[in-house]
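Participant: Sequence:
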Amino acid sequence: MDETKTETGSEQASGIRDWRRGFWSLFVTQFQGAFSDNAYKFLVMFLILDEMSEAEKLQYLLVTGAVFALPFIVFSTVAGLLSNRYSKRRLVIATKVAEVVIMSVALVAMEGNYIWLMIGVMFLMSTQSAFFGPAKYGLLPEMLPRARLSWGNGVLSLGTFVAIILGMLAAGFLAKRYGAASWECGLALVLLALTGLTASQGVVRVPAANPQQQIRWNYFPDFCRQLRSIGQDRVLLYAVFGNAYFWFLGALMQFAILVYGDEALELTEAKISFLVGGMAIGIGLGSLSAGYLSRGRIEYRLILAGSVGMSVCFFLLAWPAPSVGQVLGNLIGLGFCAGCYIVPQMAIIQSRPDAREKGSVIAVNAVLAFVGVFFSSIVYYGCKEWLGWDDVEIFLACGITMITVSGLIYRLVFSRKER
Numbered sequence: 000m001d002e003t004k005t006e007t008g009s010e011q012a013s014g015i016r017d018w019r020r021g022f023w024s025l026f027v028t029q030f031q032g033a034f035s036d037n038a039y040k041f042l043v044m045f046l047i048l049d050e051m052s053e054a055e056k057l058q059y060l061l062v063t064g065a066v067f068a069l070p071f072i073v074f075s076t077v078a079g080l081l082s083n084r085y086s087k088r089r090l091v092i093a094t095k096v097a098e099v100v101i102m103s104v105a106l107v108a109m110e111g112n113y114i115w116l117m118i119g120v121m122f123l124m125s126t127q128s129a130f131f132g133p134a135k136y137g138l139l140p141e142m143l144p145r146a147r148l149s150w151g152n153g154v155l156s157l158g159t160f161v162a163i164i165l166g167m168l169a170a171g172f173l174a175k176r177y178g179a180a181s182w183e184c185g186l187a188l189v190l191l192a193l194t195g196l197t198a199s200q201g202v203v204r205v206p207a208a209n210p211q212q213q214i215r216w217n218y219f220p221d222f223c224r225q226l227r228s229i230g231q232d233r234v235l236l237y238a239v240f241g242n243a244y245f246w247f248l249g250a251l252m253q254f255a256i257l258v259y260g261d262e263a264l265e266l267t268e269a270k271i272s273f274l275v276g277g278m279a280i281g282i283g284l285g286s287l288s289a290g291y292l293s294r295g296r297i298e299y300r301l302i303l304a305g306s307v308g309m310s311v312c313f314f315l316l317a318w319p320a321p322s323v324g325q326v327l328g329n330l331i332g333l334g335f336c337a338g339c340y341i342v343p344q345m346a347i348i349q350s351r352p353d354a355r356e357k358g359s360v361i362a363v364n365a366v367l368a369f370v371g372v373f374f375s376s377i378v379y380y381g382c383k384e385w386l387g388w389d390d391v392e393i394f395l396a397c398g399i400t401m402i403t404v405s406g407l408i409y410r411l412v413f414s415r416k417e418r
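Taking numbering that gives the first Met the number 0, the leading residue of the sequence shown gets 0, the next gets one more, and so forth.
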């Protein structure tokens, strides 16, 4: 009897060590990927701001925004099916191998200052990330105890946005020291990809969720079927579209801050990266706070509080003649509220679907999120070129739309029968 208890206790202790080791290995892998993605993306954007005329800047930013988002729209559903059929650990490692190859191509593009090849590498980079996403988010509920799921999302989100900040700051430093397109920048990205590949080896081995899952590259019928299935759960449907709106606003704000900092505030690239970084810091802190405030459960009221706070911060950003410090403070506040808004929604998306459908639901969620990112570049271009709005008017419009979103969330929060 004592031996049995000892063995059981040892197995449980080993299980705890396994999920901790696997989680932190995934954390490092995700951290490196987010750092590299944003460092490369901002190096390309800084190159556009430095070398293009005023008329060309918006056009190139539109193209880079669309190229960044398109692979997620095209491949995320297939990636979700693959994450059901095969071990998610296997897919994580495969995507990291692909990243090493892609960043080697980036090294060649940056050495030769080939702007269109650099944009093409961005497409490949996003394709790799599209296949990484469903495996990454699908691993969390498979590795973590349910009571740790919100915590895990919060910590992973904090790490992601810290990596985003550091990646943007690193891009500013590398661009200033070596130039936005240089072999030194490309070599740094290759070495980082190798680091991520090494970290991915520590992810916990998990079995395939659905080894009989069929893979169909014509994913549109499956996408529609899965979307109809999601629509049967109103809370899950709200969470999926709320997440898509979050990504739309995030991408829109990224364009707005870049151009606002360059034209209205007349800041250098390094200082502009601090503004975008301020919003990312806020999202990370808000995500971590939401994870701890949830106390092992999904806290719906945080979604409502976050949406209302975002509305207020958008209106503050539209305040006439703000100082750089005020803009930075408002962006940090906006990010904090956004973190509170998104973490409970991700927990809903990960916990409510059936285990055999989880990867597909996460993939549909990713597709819709990057449909939002894709249209953000078109909406931003349309507001600037067709409507003649300045960035302050765009901030004001975002605040007004968030009021409507807050009203919809209010209905969700107080419709207890839907939970």
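No lab work stands behind these hints: they were computed from the structure.
We put the CB at the ideal spot given by N, CA and C, even for glycine.
The reader is advised that the hints may include incorrect statements.
[To be verified] Below, computed lysine-lysine pairings styled on BS3-like, alpha-carbon distance capped at 30 Å:
id : residue 1 : residue 2
1  : K383      : K56
2  : K383      : K175
3  : K270      : K56
[Said to hold, decoys possible] For each label pair, taking beta carbons as the anchor points, the in silico distance ranges come out as:
id : residue 1 : residue 2 : range
4  : K175      : G406      : 22 to 32 Å
5  : N112      : T400      : 18 to 28 Å
6  : G230      : G406      : 45 to 55 Å
7  : A354      : G119      : 34 to 44 Å
Participant: Indicate, hint by hint, whether the structure satisfies it.
Facilitator: Tested hints:
1. K383 <-> K56: holds (12 Å)
2. K383 <-> K175: holds (29 Å)
3. K270 <-> K56: Holds - the C-alpha atoms of K56 and K270 are around 19 Å apart, at most 30 Å.
4. K175 <-> G406: 22 to 32 Å: Violated - the Cβ-Cβ distance for K175 and G406, about 45 Å, lies outside 22 to 32 Å.
5. N112 <-> T400: 18 to 28 Å: Roughly 40 Å apart at Cβ, these two residues miss the hinted range, so it is violated.
6. G230 <-> G406: 45 to 55 Å: violated (20 Å)
7. A354 <-> G119: 34 to 44 Å: holds (38 Å)
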